[in-house]
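Undergrad: Put together the whole structure using the sequences plus the hints.
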Amino acid sequence: MKKTLLRQVSSKQKIELALRRKLKQELLEECPGVNGYKVCPRCLKRPDFRGLQLAHKIPLSRGGKTDRTNCEILCATCHFVDEHHQKEVQSEPKWST
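For the sequence shown, UniProt numbering assigns the number 1 to the initial residue and increments by one for each residue that follows.
Read the hints as simulated data drawn from the structure, not as lab findings.
List time: in silico PhoX-like cross-link candidates among lysine-lysine, alpha-carbon distance up to 25 Å:
hint, residue 1, residue 2
1, Lys24, Lys65
2, Lys24, Lys57
3, Lys12, Lys24
4, Lys57, Lys12
5, Lys24, Lys45
6, Lys14, Lys3
7, Lys38, Lys24
8, Lys22, Lys65
Label pairs and their calculated CB-CB ranges:
hint, residue 1, residue 2, range
9, Lys3, Lys57, 40 to 46 Å
10, Ser11, His84, 27 to 33 Å
11, Asn70, Lys2, 38 to 44 Å
A quick note: this is a predicted structure, and the numbers were derived from the prediction, not measured.
Glycine included, C-beta positions come from ideal geometry on N, C-alpha and C.
TA: Right, here's the structure in full:
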């Protein structure tokens, strides 16, 4: 059987992942609860099977940092809508003219 090598994780990536885990745990502890269940702070619904996620207000790709001021806890639905459907349209599509 052929062995598959896993991609090496750099020490910088390990630090970032540890920071995300710690920050997510801290934010989850502050997250509101209803009947003993954590709920999404934005929509106030119980999360589905994907759970609550750490979301960056300013994406890392745009210079955002992983810290308390730039992160929030959201359910997967709110996180998806926030990332993919709230983008501003830069210009008209070329096929519409």
